[in-house]
Amino acid sequence: MAKRNASVEVSTEKNENEIALRETEGLSQGQIIFRRFVRHKAAMISLIVLVSIILFAFTASGIHLGSEQNPITIPGWWHFSITDIDPEGAILATCNDGVTGCPTLDLVPSFIDGTGMQIGAHPWGTDQIGTDYFALVTRGAEQSIMVMLIVGLLGVFIGTVVGAVAGFFGGIVDAILMRVTDVFLVTPTIVIGAVIGFRFGNLGVVPLALMLGFFAWMGLARFVRIEFLTLREREFVDAARIAGASNRRIIFKHILPNAIGVIIVSGTLLMSGAILIETALSYLGFGVRAPDVSLGTLISQYQDSFSVSPWLFWWPGAFIVSIALCINFIGDGLRDAFDPRQKRRITLKDRLKARELKVKA
Amino acid sequence: MTEPVLKVSNYNVDFWVDGTWYPAAIDMNYEVMPGKTLAIVGESGSGKSSSSMGLMGLLASNARTSGTVEVKGIDMLSASPNTVRKFRGKEVAYIFQEPMTALNPVYTIGFQIVETLRVHFPMGPVAAKARAVELLTLVDIPNPAESFDKYPHQLSGGQKQRAMIAVALACDPALLIADEPTTALDVTVQAEILDLMRELRTKLNSGILLITHDMGVVADMADEILVMKDGVTVEHDTADNIFNRPKHPYTQQLLAAVPKLGSAPSRTAISSENARPVLSLKDVTIEYPKRGRQPAFQAAKNISFEIYPGEILGLVGESGSGKTTIGRASIGLLPIKEGSIEVSGIDLSSGSSKALREARSHTGMVFQDPASSLNPRLPIGESIGEPLFLAKVAKGEELAHRIEDLLDQVELPRSYRNRYPHELSGGQRQRVGIARALALNPDILIADEPTSALDVSIQARFLDLLQELQESLKFACLFISHDIAVVEILAHRIAVMQHGRLVEVGDRDQILRSPKDPYTQMLLAAVPVPDPAQQKLRREARNAARS
Numbered sequence: 001m002a003k004r005n006a007s008v009e010v011s012t013e014k015n016e017n018e019i020a021l022r023e024t025e026g027l028s029q030g031q032i033i034f035r036r037f038v039r040h041k042a043a044m045i046s047l048i049v050l051v052s053i054i055l056f057a058f059t060a061s062g063i064h065l066g067s068e069q070n071p072i073t074i075p076g077w078w079h080f081s082i083t084d085i086d087p088e089g090a091i092l093a094t095c096n097d098g099v100t101g102c103p104t105l106d107l108v109p110s111f112i113d114g115t116g117m118q119i120g121a122h123p124w125g126t127d128q129i130g131t132d133y134f135a136l137v138t139r140g141a142e143q144s145i146m147v148m149l150i151v152g153l154l155g156v157f158i159g160t161v162v163g164a165v166a167g168f169f170g171g172i173v174d175a176i177l178m179r180v181t182d183v184f185l186v187t188p189t190i191v192i193g194a195v196i197g198f199r200f201g202n203l204g205v206v207p208l209a210l211m212l213g214f215f216a217w218m219g220l221a222r223f224v225r226i227e228f229l230t231l232r233e234r235e236f237v238d239a240a241r242i243a244g245a246s247n248r249r250i251i252f253k254h255i256l257p258n259a260i261g262v263i264i265v266s267g268t269l270l271m272s273g274a275i276l277i278e279t280a281l282s283y284l285g286f287g288v289r290a291p292d293v294s295l296g297t298l299i300s301q302y303q304d305s306f307s308v309s310p311w312l313f314w315w316p317g318a319f320i321v322s323i324a325l326c327i328n329f330i331g332d333g334l335r336d337a338f339d340p341r342q343k344r345r346i347t348l349k350d351r352l353k354a355r356e357l358k359v360k361a
Numbered sequence: 001m002t003e004p005v006l007k008v009s010n011y012n013v014d015f016w017v018d019g020t021w022y023p024a025a026i027d028m029n030y031e032v033m034p035g036k037t038l039a040i041v042g043e044s045g046s047g048k049s050s051s052s053m054g055l056m057g058l059l060a061s062n063a064r065t066s067g068t069v070e071v072k073g074i075d076m077l078s079a080s081p082n083t084v085r086k087f088r089g090k091e092v093a094y095i096f097q098e099p100m101t102a103l104n105p106v107y108t109i110g111f112q113i114v115e116t117l118r119v120h121f122p123m124g125p126v127a128a129k130a131r132a133v134e135l136l137t138l139v140d141i142p143n144p145a146e147s148f149d150k151y152p153h154q155l156s157g158g159q160k161q162r163a164m165i166a167v168a169l170a171c172d173p174a175l176l177i178a179d180e181p182t183t184a185l186d187v188t189v190q191a192e193i194l195d196l197m198r199e200l201r202t203k204l205n206s207g208i209l210l211i212t213h214d215m216g217v218v219a220d221m222a223d224e225i226l227v228m229k230d231g232v233t234v235e236h237d238t239a240d241n242i243f244n245r246p247k248h249p250y251t252q253q254l255l256a257a258v259p260k261l262g263s264a265p266s267r268t269a270i271s272s273e274n275a276r277p278v279l280s281l282k283d284v285t286i287e288y289p290k291r292g293r294q295p296a297f298q299a300a301k302n303i304s305f306e307i308y309p310g311e312i313l314g315l316v317g318e319s320g321s322g323k324t325t326i327g328r329a330s331i332g333l334l335p336i337k338e339g340s341i342e343v344s345g346i347d348l349s350s351g352s353s354k355a356l357r358e359a360r361s362h363t364g365m366v367f368q369d370p371a372s373s374l375n376p377r378l379p380i381g382e383s384i385g386e387p388l389f390l391a392k393v394a395k396g397e398e399l400a401h402r403i404e405d406l407l408d409q410v411e412l413p414r415s416y417r418n419r420y421p422h423e424l425s426g427g428q429r430q431r432v433g434i435a436r437a438l439a440l441n442p443d444i445l446i447a448d449e450p451t452s453a454l455d456v457s458i459q460a461r462f463l464d465l466l467q468e469l470q471e472s473l474k475f476a477c478l479f480i481s482h483d484i485a486v487v488e489i490l491a492h493r494i495a496v497m498q499h500g501r502l503v504e505v506g507d508r509d510q511i512l513r514s515p516k517d518p519y520t521q522m523l524l525a526a527v528p529v530p531d532p533a534q535q536k537l538r539r540e541a542r543n544a545a546r547s
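The listed protein sequences derive, respectively, from chains A and B.
Taking my numbering, the leading residue of the first sequence gets 1, the next gets one more, and so forth.
Taking my numbering, the leading residue of the second sequence gets 1, the next gets one more, and so forth.
Don't take every hint at face value.
Straight-line alpha carbon distances no greater than 27 Å define the calculated DSS-like cross-link-like pairs of lysine-lysine that follow [claimed, not checked]: (1) K203/B / K253/A; (2) K86/B / K36/B; (3) K253/A / K354/B; (4) K536/B / K36/B; (5) K203/B / K72/B; (6) K301/B / K290/B; (7) K337/B / K253/A; (8) K90/B / K7/B; (9) K474/B / K260/B.
No wet-lab data here; the hints were simulated from the structure.
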């Protein structure tokens, strides 16, 4: 009896799946994750916006690497640099009862206010002494993005490897790695940052970011370790072992995708945190050094002029907010792509709008 | 005439999913009389649990209920939350499936009983404690006064369920809702808990609403039975009528799918004289090493048995008897302390990774919980193909073909290969588990409780499939299960374990018809049979044997 039912059900299942059979081409885990990520609208838009911001900032100000003594510079397309001072231009752009250096960017067409659309000499204004703010902000964005990406990627990499190895192997390996983590954790970040800044600050932003990344992985390592401790007891790990998988394959193919949520959440936090650490260090004089700038130094430097020249605040602020938002949305998209199950909350509106499903009683 | 303690009429439960109300229970009508038991049976997803949780407003926020639920004449669905709260625990008490999770681990069981008492009655701590100890005595917990101060983890599974019942009985409830009260327990413990519930029903004259999928338990307890399928009541009748004269085809099908101890056709044992055993254990001892303050624990002692090609050996025993330990050691997932294990002539006791890899290519394993044994982030096609890929048997195009063949073999559509495990039902997932285990054409398949997470009708199909595959592919099988009726269907020989020792090994018919060891006899007597009359006789015989 049961057998007959089985065959009936299987045959109906087969009919239903005639259409689905077209998609029987075998997809690997990576391909499926990629497809799901591409379908995530917010993440794709954020990715495009972030790439545009990066391209915009890097091409506008050019690329600046190397130390103060031997700089490696590729010039950008913007005609002012951060060291050019243009006091006449600042005075020309006076507005609001004598405040100098107002933005000359005007996006309102002439039939509304009569001045017409124009970019002007200093579209984003200048600071008090006449340094072009477009040059400063794009350069600052470039530096901050480099710090953020390098710290984020390095921190995530070290943290994941340390946490995964400690959590998976356990025992003595775990004990040693976690004590090392503790040593890193108990040292205050700002002290480490000050030492690093003092020693490497004049080498430019890349070595600084590398060193910061080297001291930013501890929290992530702990989270990843806890995830691994629970995941390694699951039966699918045993199943993989029986199938003949090596430790490396089990860690990276089987357990890591299951821990990706934690890694991405802490990774995005780490990246936003990196901007703040860099700002704090720069504020103390150990990070990015004048005349070079970062978004953080711009904001802290002009914090007093908010009431008179608010644009000195807006532009770097807008960059920080949009970069952080993009990173967070991309993180969301990645997490959803890796997690086949997604949940959403139900609101009262949902309840009222819901359709009735009639079933014959 | 007595009033019913619970009267449910035109009762509906719906769940909100993605903009649609999906019904979980449709137009239910029933009554529970004091001192009587109404059993709601059905397979998972039939709405039996959610309908009973909804009675007292215990459902999640995405559910809604309608109709009337009268407890002692007051409608619970229209009453204020405050009134309903007063009824909970006092007039209507719940016994949950998992005593381990339903009891709060950071409070003593005494505290949890006292809490219920003092919420509902103006009672001092001393009086409440006296009453709690009285309740613990009532549910037969050893040393009630001492157990009062014990934490849930200090009690065994059966004792925890007894404590749970004591909490439920604290206020002499008029109605007891027992949601799968014995599913997490061993058969012998289950028999004791059912005896206790039966005794309490007569003593306290409470009505019991019993929700279960186990027809044996129903036969043991119920006066009336309500059969549910997809939220609809398909049949509602007395226990006698349901079991002996089922009217609805679904009820008949459900009863037919239940494996019944002692009803499988006799089976000839596989002749094993000339063959070499595929799996042989000699004096195997397995020890879990000392951990912190916990001393080392011997999970299996001096186990010896052999499995010959084409033979199914059923390994039965209660939880903690070491049967899973034996299964895991046979595939090299646990180190062996003493003795030797040979798989297809390869000695595992050395523990060298080369021997292990070699042995594992001759072995397949089906795990207990299909939800946990498949990687949730891996499409099932990859899970199935992994052994082939890693053994370098096939890759690329050929691997894809082999995966399709394996899916055909376990009767799953090929298009399922790109699905994730959570998109499949429990039975389908377990088929994937078999497909993966059979990928390398193993000499021996180790199946660790493969059906315990499945509904009876799905279990029946699964067992059919396993038997068909075994007959065509001729692999040997170590089938580990706590359910003797299932083992009876499959096994040629049966081994019984208790407390890490092998109690008895023998041909299936010898073990089931004339068990020699007293433990085996007790185990067989405790299995509930889905037939009220027969079960009554068995129960009386068991009680007579015990006293």
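Each hint, compared with the structure:
Among the hinted pairs, K203/B with K253/A is inconsistent with the structure: their alpha-carbon atoms are about 58 Å apart, more than 27 Å. Note on K86/B and K36/B: the hinted pairing holds, with a Cα-Cα distance of about 24 Å set against a maximum of 27 Å. Restraint check for K253/A and K354/B: satisfied, since their Cα atoms lie roughly 22 Å apart, inside the 27 Å limit. Distance check on the hinted pair: K536/B and K36/B sit about 16 Å apart at the alpha-carbon level, within 27 Å; holds.
Straight-line distance between C-alpha atoms of K203/B and K72/B comes to about 20 Å, which keeps the hinted pair within the 27 Å bound. Distance check on the hinted pair: K301/B and K290/B sit about 17 Å apart at the alpha-carbon level, within 27 Å; holds. With a C-alpha separation of about 32 Å, the suggested pairing of K337/B with K253/A is violated against the 27 Å cut-off. Taking the CA atoms of K90/B and K7/B, the gap is near 17 Å; set against the 27 Å cutoff, the hint holds.
Between K474/B and K260/B the CA atoms are separated by roughly 26 Å; this keeps the pair inside 27 Å, and the hint holds.
Comparing the model with each earlier hint shows violations of hints 1 and 7; every other hint is respected.
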